[in-house]
Amino acid sequence: MATREEIADAIAGMAMFADLARPQLLGVASQFEEAFFPKGARILRQGLTGSGFFVILDGEADVVADGSKRATLARGDFFGEVSVLLGEPPIADIVATRPLRCIVLPGPGLEAFLVDHPRVTYRMLQAMARRLRGANPRR
Amino acid sequence: MTSDARAASDGAPARPFPPGEYPVVVVGSGPGALQVSYELSRFGIEHAVISADAGPGGMFRKWPFFQRLLSWTKPYAPAERTSRAFERWDWNSLLAREPELRGLQLEFMDGTSDFPSRPDMERNLTAFAERAGIKVRYGCRWQATRREETAAGDRFVLETTEGEYRCRFAIFAVGVAEPYSPTVPGIELAVHYADTRAAETYAGKRLFIIGKQNSGFELASGLLQWASRISLSSPSPAKTSIETHTLVGVRARYVQPFEDAALGGGVDILAASLKGISKVPGGLRVDLERSDNAMPMSLEADEVISATGFTCPLLDLPSIGVATFGQSKLPAQTEYWESATVPGIYFAGTITQGSSGLKKHGIPSNSGAVHGHRYNGRLLVAHLAETAFDAVIERPAIAAGDLRDHLLAEATHAPELWHQKAYLASVVSLDGATGPRNEGIQPLSRFLDGEGPDAVAMTLEADGSGAIFPVLYVRRGNQTEEHPLEPDPLHDHEGPTYRRAVGQILERLSPSVPAA
Chain W
1 MATREEIADA IAGMAMFADL ARPQLLGVAS QFEEAFFPKG ARILRQGLTG SGFFVILDGE
61 ADVVADGSKR ATLARGDFFG EVSVLLGEPP IADIVATRPL RCIVLPGPGL EAFLVDHPRV
121 TYRMLQAMAR RLRGANPRR
Chain X
1001 MTSDARAASD GAPARPFPPG EYPVVVVGSG PGALQVSYEL SRFGIEHAVI SADAGPGGMF
1061 RKWPFFQRLL SWTKPYAPAE RTSRAFERWD WNSLLAREPE LRGLQLEFMD GTSDFPSRPD
1121 MERNLTAFAE RAGIKVRYGC RWQATRREET AAGDRFVLET TEGEYRCRFA IFAVGVAEPY
1181 SPTVPGIELA VHYADTRAAE TYAGKRLFII GKQNSGFELA SGLLQWASRI SLSSPSPAKT
1241 SIETHTLVGV RARYVQPFED AALGGGVDIL AASLKGISKV PGGLRVDLER SDNAMPMSLE
1301 ADEVISATGF TCPLLDLPSI GVATFGQSKL PAQTEYWESA TVPGIYFAGT ITQGSSGLKK
1361 HGIPSNSGAV HGHRYNGRLL VAHLAETAFD AVIERPAIAA GDLRDHLLAE ATHAPELWHQ
1421 KAYLASVVSL DGATGPRNEG IQPLSRFLDG EGPDAVAMTL EADGSGAIFP VLYVRRGNQT
1481 EEHPLEPDPL HDHEGPTYRR AVGQILERLS PSVPAA
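Sequence order for the protein chains is W and X. Note that the working numbering numbers the first sequence so that position 129 is 129, with each residue one more than the last. The number in the working numbering is simply the position in the second sequence, starting from 1, with 1000 added.
Derived by calculation from the structure, the hints in this document are not laboratory data. Idealized CB from N, CA, C, for every residue including glycine. Mixed in with the good hints there might be a few duds.
Said to hold, decoys possible - Restricting the straight-line Cα-Cα distance to at most 20 angstroms, the calculated cross-link-like pairs of lysine to any residue (SDA-like) are: (1) 39/W to 1449/X; (2) 1062/X to 1175/X; (3) 1275/X to 81/W; (4) 1062/X to 1138/X; (5) 1239/X to 31/W; (6) 1359/X to 81/W; (7) 1359/X to 30/W; (8) 1359/X to 116/W; (9) 1074/X to 1491/X; (10) 1239/X to 30/W; (11) 39/W to 1342/X; (12) 1205/X to 1281/X; (13) 69/W to 1326/X; (14) 1135/X to 1189/X; (15) 39/W to 97/W; (16) 1275/X to 4/W; (17) 39/W to 1326/X; (18) 1279/X to 1299/X; (19) 1239/X to 1262/X; (20) 1239/X to 116/W; (21) 39/W to 72/W; (22) 1239/X to 33/W.
Claimed, not checked - Sample of chain W residues lacking proximity to chain X, with all beta carbon distances greater than 10 angstroms (derived): (23) 18; (24) 76; (25) 81; (26) 126.
As the list claims (entries may be wrong) - Simulated coverage check for chain W against chain X, where a stretch passes if three residues somewhere in it have a Cβ under 8 angstroms from a Cβ of chain X: (27) 3 to 10; (28) 38 to 49; (29) 106 to 118.
Extracted from the complex, chain W is given alone in its bound form (with noise of 0.2 angstroms):
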């Protein structure tokens, strides 16, 4: 993985990105950066301020809150961006528990980057509508 052609080709199949066309993902592929984290590594770190919005490429990585495992997260999903969306530090730990390779945009550019791409805001919405209904389920 390196080029922005390869990382437009590997955002292209998921949901978040499934609305934009090839000239647009070639925009998105150069407006993040590739990161990559060893199996182990915290990615965000619970009550510290600063972090990014990431959407993870390939990998694993677990929502830890408290020191206790709230999630997995693997390849489409994506994360910090409550934090950034609120101004707040992240409120549960992120680690990698494979390899995890990710796009990531820092959070003074997350504001930007969802009003100039409305089509993947309204699927980041809808990811975060099934969390919020995941997380309150019907009784």
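Fit chain X to the supplied structure of chain W, relying on the hints for placement.
Then chain X, alone, in the frame of chain W:
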């Protein structure tokens, strides 16, 4: 007869480090390699240094193309040349314990700028190598790598033009120096930045530059008086370091083309992706796709230069398991710059930017430049010395009553914190039995993610707003707290406001740590 034997029989000094087994082999002879060799020697760790080059200096033997650095050394800085504090004002000298080896760049300034010329930087590095007694086997090119199991343990085998080197630990300081060009139709009609010709040969030419980073704008600035028209393009809008308040973006030295573009002075700064280059009568046709509306556009040029960056010349390291990432194919690294996937392989110099740290607020470390990576090299070797060569690193006690002022002095004067913001931290452990101990400089991610006794760590940080502020981290049990302090417009963090704020934080830590 070997080249060594031939040299000896000619009466010439024998070249150091013939092929064989060494505990550590360092590859390279740029600032990254010189710094780690210096540190290894000071720990008494036997090592070989091999380099394909003919002399020290690495990329500074050739670049920057227009022969002037982007990194300052301030001759009249408010700190004494041989002091640690002076390093904040000197981005170009390597680090040394001996006063006479510190701040060497000052000896090699031509007086016209606080940015040294390329030859002056090369002289600085050459002088450091000579005076520090750093030996390098020049003209010895690393060509391939394999792993070998031996009775004494696993070894890396580095195949070179002069034979094989075996080692437990290999440190690669080979730069991010392999020219990279995008794969688009007709790219063979472009030349890379690395192959740019003498400026006057572009007189009257229409020049198209692929890429809007520093190398592209360096060429544009230098060729303004020669080219008849200069167009620069990449998909994203160009950013300047003035806007980002960091080293991210085009540096202030190279902003003249922005003004020329804004005033209609024959410079075009385009946000468009390159679709292809083709030959047409009288020149080259460059086809683009605009980023704002995805519409095609094209222009004609006499020359196309690809200023699209460099990749790491890691040769076959990926084939033995070294994971890489990003367009520059940087090796993924631990917080101590060891390959994240092949233990025993370390990196030094500009490649250490592959250990990205926290990148708080999206701001990267300065490991891609000498003033950042020279500290990484020092810490890497201390870590290796302690973990693999039984070295004992001194951790002097700090009187409990001095802790607050020690931390604030670090936040005001420590060059490591100024140059590696939110990346390196000044750490003091607070073991209840022995009292505060100065753990020295550590990677911040190590402090936050590693285990250890209760401790505090001071950093300097920035958030892109232009402010620089100290942050005190506190580790108690398994919990880490972050305490950002207010920025001071004069960057003096030793005043009463800071003493009060840090005193209150320390007061809550332990009754054995007096607040003030």
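Violated constraints from the hint list, given by number and in increasing order:
Of the numbered hints given earlier, those the structure breaks are 3, 8, 13, 14, listed in rising order.
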